[in-house]
Amino acid sequence: MPLPGRRSLLGGLLAGVALSPSGPALARLFAVEKRNAETFTLANGLQAIVLPSRRAPIVTQVVVYKVGSADETFGHTGAAHFLEHMMFKGTDKVPTGEFSRIVSRNGGRDNAYTTFDSTGYHQTIAAEQLELVMRMEADRMTNVRLTEREIVPERQVILEERRMRTDNVPASLLDEAVREQLYGRHKPYAMPVIGYPDDIRRLGVSDLTSFYRQHYAPNNAILIVAGDVTTEQVRKLSERYYGPIANRRMEPRHRPAQGGTDLPQKVVRADARVVEPRWTRLWLAPSYRVGETRYAYALQVLARLFGGTETSRLSRVLVDERKIGLSAWASYSPSSLGLTSFDIGVHPAKSRSLGDVEEAVTGEMKRLLDGGVTVEEVERAQNQLLAAAIYSQDSLASGPRIYGSALSTGGTVADVDAWPQRISAVTPDEVLAAARHVWRDDGAVTALLTPAESSR
Amino acid sequence: MKRLRVLAAAIASLFTLLPVVAGAIEIKEITTPLGIKAWLVEDRSTPVVALSYSFSGGTATDPAGQAGITDLMAGLLTDGAGSMDAQAFRQRQENTAASLGFNASLDRLNGSLRVLSVNRDEGFELLRLALTQPRFDPDMVNQRRAQTIASINQASQRPGSVASRTLMETLFAGHPYAADPDGTPEGLAAATPELLKKRAAELLLRNGLIVSAVGDIGEAELARQLDRSFGVLLTGTPPALPPQWVPPTTARTVVVERPVPQSTAVMALPGIARDDPEWYAALVMNHVLGGGGQQSRLFNEVREKRGLAYSVSSGLRTYRRASLLVMSTGSANERIAEAIKVIRVEMGRMRNEGVTESELNDAKTYLTGALALSLDSSGSIAGLLHSLQIDGLSPDHLTRRGALIAAVRLEDVRNVARRLLRDETLTTVVVGKPVGVSPIP
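Protein chains in written order, with our numbering: chain A, 1 to 456; chain B, 457 to 897.
Only chain A is shown next, with the shape it has when bound in the complex (with noise of 0.2 Å):
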């Protein structure tokens, strides 16, 4: 969920307006608003946004690569998270493993992660050793050294990572299925961040070495600082370290318009590792960026009152009223490059079957379609939204994330300071709309997660 990282929209509550059930009085308040991001872009393309912050003598910076599992061909799979671990090895300036140990014996802590769509590398450490982290991300940005010999053992360890999260989880074995029925097999989306086994058995120094020239370059790069800093501060620093490596011609990224074509289908997983079974439908939905977007803001409401919390109208009805789920959700997150999906889960109450959870389901599902959702319970979900986006501004941690998500899939500093006003501007007909246009069965895979002995 997209969630502004500006710190002075909590000046407008301040002053003394308080939240209030009424939707219209905080989307005022962020009206009003004020920017707190600041940006720049360097002569050979890198982004730069920084997030001043002077609440802790602590600065993070995330270097956001827009490349991720999704830029990936099949046979391929898993190289964008091959390489995220392999740039923890050495270059000819700081010797293998010695990056985090860096960081770690000046006070820092240091990660990274892989998604469909970005590669990000991230350091939290005291103000005044920006500089040495800078320096070294930008050393590892070109001159990694992928050796057969790194290789070997780390592809070890991310067997058996994808052991640890995938293998030994049923419940992601299932996912992993369903996504190759919704996107389409071999299709972006459809194949795993962490890759297929045999995919990870397979690549090596070449596979890697390509992709890392192909998509490592400061023009495909965003640089977020966010901390006690000033953005003068970060432009001098990233223009002495960032500065004099060389931009590459980037291939234009291709996601596909359309998902899966045989739909709807259903996908069973029935594991003898199972013992609480779970009904989950996914549908096709549009992305902020590939679709119907104009979709995207009030399908983050829609999720929210149906589906978003203990208050919503599948946990009411569900749970508390007719007792077929122990727990119902729904969720939508629209920051994708390419389509991305509409989702609703629920844990059925024992002695109830995952039939019974469907028919109850689609049930709520028509009552909304037919009858349309109450402006009250719209302006309850923009309410919900917004003040997770004013919590979100007490954590240093979050500002980063929010732009390294919106610009690595399409998204601009101006999207992400928009939020607020486009999710306070959905109408109950725009939810109401959107519910129309992705709850179809035609965009649809409903996933069952059965103890292996069960049929049901």
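These aren't lab readings, by the way, just hints derived from the structure by calculation.
Yeah, the Cβ is synthetic: ideal placement off N, Cα and C, and Gly gets one too.
Hints should not be assumed to be uniformly reliable.
Listed next, the stretches of chain A that the computed footprint assigns to chain B, with coverage defined by at least 3 CB atoms under 8 Å from CB atoms of chain B [unchecked claim]:
hint	segment
1	140-154
2	315-323
3	373-387
Given chain A, put chain B in place with the hints provided.
What follows is chain B alone, placed relative to chain A:
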């Protein structure tokens, strides 16, 4: 205005790399007119108030036959209070952007409140209602009980959860810490609304209450709000602490079969109490062995060099009546025996050789600097203050901590390594289909 900044600066700056900031840290100790004591860090940089508080008595004092009642009760405190049922109570929180939560650990009943400072009256009023007029409506009791049983079932299938649970059952056999904080289906079934109310009355007392507050609120206003929320609670006698734990004196290995490709291993030794004079030496030793991130010996030997695991680490755990040093990893069934062997070799090397001068220095800079990194939000700072109080430390601890870490010498680490890393007290639990791991009863 900048108090939090001063606090963080003081924490970050106590070691040599960073400029030393003199001066006191602004943790204020307050006592309200009704006698509630609290720590406060006033920070006006965000319009949020965060509260972290706890009561004496946790799941280890669940009454006989009612395993799980304390944690169930804790969750139900926010499922309706006063004239509001669960839905009304939740909507009231949502409408005021206030967030209340309770949970129970082995030793304490913990809670938090987060509210925008403009809505503080509403937030503290909801807290008062949750503490003094919880409803325990039968419908909600049934719902939370069913959810808890389902989550116990789910945990019983996750190798990591099974390993942790089995470790506690093995180490603490015969002691209340052996019991699952979530309880058992039988114990939960026995938890009627009447018994839940009784349990709440037994635990929600002024004696043993610990409160920390951070954010956009001054002393006088906090005192007024704390008296509103906590002032009407009764005084009384919290449940007695469990008996002291007698650590095992022989090594054990337990294998739990699960049909998974990767085995999870947890290995535990008797640990060190928070108030032990060797605590800081143990902190350094653990950091070098397997603490922190990617710099530890276990990370290097198990993951970097041999590719035996994705995740490998060690950590110190403390409870009121026990303490542990726990190492954990996960490796393919065919390789878990080797991973365990490497961990044991590293235990032995640490015991025999201690740490090097440079490892000692690196650990000190990390442990000193990293505390500031965790001051990420008002809630996390309130949590830090709360944990200092739980550990019986004084408000000036944060100014002294750096010096205590800096004072650790090579021989201190070697001594504490010899004391803790003893093979004959090692309990190992492996969950999966491990090859080459034999149970030792």
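Outcome of the hint check:
1. Figure legend: the segment 140-154 of chain A, annotated as covered by chain B; annotation consistent (3 residues with Cβ-Cβ distances under 8 Å, at least 3 required).
2. Three residues within the 8 Å Cβ limit are the bar, and the segment 315-323 of chain A against chain B gives 4, so the coverage statement holds.
3. Only residues whose beta carbon comes within less than 8 Å of a beta carbon in chain B count, and the segment 373-387 of chain A has 4; three or more means the coverage holds.
The structure shown violates none of the earlier numbered hints.
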